[in-house]
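For reference, the chains in residue letters:
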Amino acid sequence: MHPRRLALAWAFIVCLLVGHNAWLWIGQRIAPDTDILALLPIEKQDPVLQQSFTHMVDSAQQRVVVLVGARDWAAAGRAADAYRTALAQADARAVLAFDAIGDDTQANWLASLQPHATLLIGSAQERQLHTHTAQVWADDALARLYNAFSGPRLGAFRDDPFGLFAGWAQERAGETPVRPRDGRLFVAGEGREYVLLTYTLTRPAFSLDAQDAAVPLLDGAAAAARRAVPDADVISAGVVLHAAAAGRQASREIHTIGVGSVLGIVLLTWLTFRSLRPIGLTLLAIGVGFLGALSVCWLLFGQIHLLTLVFGASLIGVAQDYGIYFLCHRLRADPALDSPALLRRLLPGLGLTLLAAVIGYLGLALTPFPGLRHMAVFSALGLVFAWLTVVCWFPMLISARTLKAGPLARHYRALVAHWPRFSRTPLSLGVLLALAAISVAGWSQLKTNDDIRSLQSSPAQLVQDQIKLGKLLDAPSPVQYYLVRGDSNEQVLQREEALKRRLDPLIGAGHLAGYQALSNWVPSQQAQAARLALVEAKLLAVGGPLSLLADAIEEGPEWAAATAAHLRSQGAPMRVDAFLHSAAAAPWRHLWLGEIAAHSQPAAGKTVASIVAVRGLRYASLPVLARAADGLAGTQWVDKVGGISQVLGSYRANMGWVVLGAYLVVFAVLLPRYRRRTWRVLAPTALASVLTIALLGLFGQPFQLFHVLALMLLLGVGVDYGIFMQEDAAEGDDAAWLAVALSAASTILGFGLLALSGTPALRAFGLTMLLGAALVWLFAPAFSVTKEGKHATPV
Amino acid sequence: MKRLLAAFALHLALIPGLAGVAHAAAPTGQIGAMLAKPDQLCGTFDQTKRLAGMKKPLVSTGRFCVVAGKGVLWRTLKPFPNTLRLKRDEIVHLQGDRVAMRLDARQEPTVRMINGVLFSLLSGDLGQLDSLFEVDGSVSGDSWKVALKARNAALARAIGAISLEGGAYVRSIQMVEDSGDRTEIVFSNIKTGPGAVLPEEAAQL
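Order-wise, the sequence lines are chains A and B. Each residue of the first sequence is one higher than the last, beginning at 0 in numbering that gives the first Met the number 0. Each residue of the second sequence is one higher than the last, beginning at 0 in numbering that gives the first Met the number 0.
In case anyone wonders, no lab produced these hints; they're calculated from the structure. Check each hint, because a few of them may be wrong.
[Said to hold, decoys possible] Between beta-carbon pairs, the in silico distance windows are: (1) ASP45(B) - ALA222(A): 54 to 64 Å; (2) LEU76(B) - ALA123(A): 27 to 37 Å; (3) ASP90(A) - GLY140(B): 55 to 65 Å; (4) ASP576(A) - ASP45(B): 46 to 56 Å; (5) PRO193(B) - ALA123(A): 38 to 48 Å; (6) LYS54(B) - LEU533(A): 27 to 37 Å; (7) PRO193(B) - ASP181(A): 28 to 38 Å.
[Stated by the list, open to error] Computed from the model, here is a short list of chain A residues facing chain B with C-beta under 8 Å: (8) ASP138; (9) ASP139; (10) LEU141; (11) ASP181; (12) ALA187; (13) GLU554; (14) ALA561.
Model, not experiment: these values are computed from the prediction. Even glycine gets a Cβ: it sits at the ideal position worked out from N, Cα and C.
Produce the complete structure using the sequences and hints provided.
Okay, structure coming up:
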């Protein structure tokens, strides 16, 4: 095809890509998938487990919890009022909605349970029913009857003569230290009294506009509270605060690292080409690559994961090489040679770099992990699109006169000419031995660490607030809980009860403070029947405590019979479904996942699932809690933090093998063209990778997924350098030297500077790229064949 | 958070009588000035309860003590003895020597709050009362009368209507609950000063 027509055809395709992307991001408002567990292999994904995460995490994510405290309740109230007033303006309400506490809900919740009151007995009193004598129960009831302030009591005396329902309510109240007080929510701790305020974000917590809007509002409100009461303290927690802190850190880094690397690259390009057009063109190629990869990936998978995008962004490192290679040759080539003709000459080498990189990335697609497959397809497509942009457009946009050699381009040649070459001299072998020694030393000290917490980079203040708030509120963990499932509501409730019997002794041993479960509210039918029988036998039977009580107050057997009948009438069976619709269920509804469609086994019948949440768990007790579910049918301990760490670990291991496999595949692809020189293409990259890992070991950096991802990228760029060097060795010009130098320097400026980042994952990626790219750059000339060398016997 | 923290009912509601021991009333300033506010105060009480579904009223008598900085002791003596003790951080119900019920501030945060309200009431600090109740009162001569209505619907439902009468001290309390249970307490033989608290009572407080 004529180059001009080719360029136009490509322009048409690029227009389609831009249109499709605009439609996706602006029209459809697509958002990348952020759930890291979506990256697990399909067969390991469990829809019930997945839904339980969504249940627990997604709603928690939107919440901002604030404690406003002072030395006494009145001052705390004044500070809280100032805080609320500051957030009551219309613009604030549009971002943060106040979660009001419904007064009516509170009043009604007990009423809805009254018909079942006889069934609701706390676990301590249920045990006492077996041990206490009839006289003790009768005495207790008498005391309750006569005393004006007889302790917890609900309703009229005859509704609960033995205080069982009140005891149960007391036990339920113990599941949270938060109490309504004067129309506010009250928590006390560490000698201070706090007002609890909760807000719900109206926009997704991870969206930038939510962060930009919410954080200044919250800061302003805290300042208002401190103005009202100078010694007030404001403790806040919420995912949005962590996201905003991470965002602030990122933008700070963009201002320092980003500006630094852009300036560096601009300077480098100017000094080489005396023109900034190469940067624009390189960015154009990368941009088209990114848009193309995203479009096709979306069409193929219907979703895109954030981690895929992050890894895809690293494409820039490889995609820039094609443009730089062409530009460097344009600079060095005879001006009489027109650009399309030059491209035709470069096409074999360019084609091979693309092929090697695409094949290398496609190795990722062979792993069972959907995330890695997406990354593979995304990266391979991105490279193809970037490559096609270079091939179709660059010859049209760059003519022989566009570029002039700058000072850097002129002097670099001299430096490289004197670079030591690898050969069989004792010096070379000595250097190689020294490098081998460093590698062995470094590798032997290498440790791995996949703990997600090591990637935590939130500011200390935020983490402290979170811990303090967790302690004061004694809230259950949203990421560690038991998942209970069965084939009916009844089975799930019975299984919860079996689990609770195991947990009760663990509470005594201090492994956890308590648990929340729907079966605390709605006992299984089995347990309901057992309790009714127990009440009947131990309290209501003729001659039992109720009769003794009737005698003591001289009401006689008629009163006893009437009261017994009244208590029996309060024993209406409880059903999960009905309870979930009542006001009392509002705080607990999230614990019940209900019926879940299991797509994988439609024939297996229905699955009902619930969550048993744990409060006040200690980190050291996690293994104990995990073991508590052992051997209980349908009961599973879920630890999302541990789960994510596991995903990162298995990705690290699998990705490591893929990198090794990619070396072999690339070697096989290059073999037909380079024959006995093939090893020279790969040797600089391989050596640099081995040394980089060794250096990480020597620096005491724990090895993790992000190091491996960087090594994969290093292979991509390193192979390019190797091919460039081998391609041009024959012509004896120095365009390849220059291309490698420019490309490596840009990679170091673009990625290596991430080593200065405050975000641990980026720092790991950046450090690996910094060391690796610098080493490849140093090694590449050493493995190239000089003109003379090529005619001599190649090693 | 609503669901995590629970729209748990006003916990005060579980201990209805306590919030009702209001010795105070409004017009707050005037009544506050009339109250004697001694450090130690003891006396006898006569209580009559009329409960839904029962023919006969339940009558009981006993002694009570209020000691600033220590707490409240409520000793029922007839028809059979039992004791309720309120301290800053706990509520204990004694059946002879057996602890029939104990509620402490660690397990139930409202204990301190309830006792705090009660103590501030007894010492004549009516500011606290105002946040929980609408206080409607009148003064005539050397005696006063007050009706309390809970501001919170849940509390109102649990406690019902409370009315107090008194002069230098509270003379009587009346509680009418929604359930139909009614309680009337009349105080007499009030003594103040160092000799008011009996030795056995001092030992218990």
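How the hints compare with the structure:
1. ASP45(B) - ALA222(A): 54 to 64 Å: 57 Å, holds
2. LEU76(B) - ALA123(A): 27 to 37 Å: Given range 27 to 37 Å: holds, Cβ gap about 30 Å.
3. ASP90(A) - GLY140(B): 55 to 65 Å: Taking Cβ atoms as reference, ASP90(A) and GLY140(B) lie about 58 Å apart, which means the hint holds.
4. ASP576(A) - ASP45(B): 46 to 56 Å: 50 Å, holds
5. PRO193(B) - ALA123(A): 38 to 48 Å: Hint holds: Cβ distance 41 Å, inside 38 to 48 Å.
6. LYS54(B) - LEU533(A): 27 to 37 Å: 30 Å, holds
7. PRO193(B) - ASP181(A): 28 to 38 Å: 37 Å, holds
8. ASP138: For ASP138(A), the interface hint holds, since the closest Cβ of chain B sits about 6 Å away, which is under 8 Å.
9. ASP139: 6 Å, holds
10. LEU141: With Cβ-Cβ at 7 Å, under 8 Å, it holds.
11. ASP181: Holds, because the Cβ-Cβ distance from ASP181(A) to chain B comes to roughly 5 Å (cut-off 8 Å).
12. ALA187: At about 5 Å, which falls below the 8 Å cut-off, the nearest Cβ of chain B leaves the hint on ALA187(A) intact, so it holds.
13. GLU554: 6 Å, holds
14. ALA561: Hint on ALA561(A): holds, closest Cβ of chain B at ~7 Å, below 8 Å.
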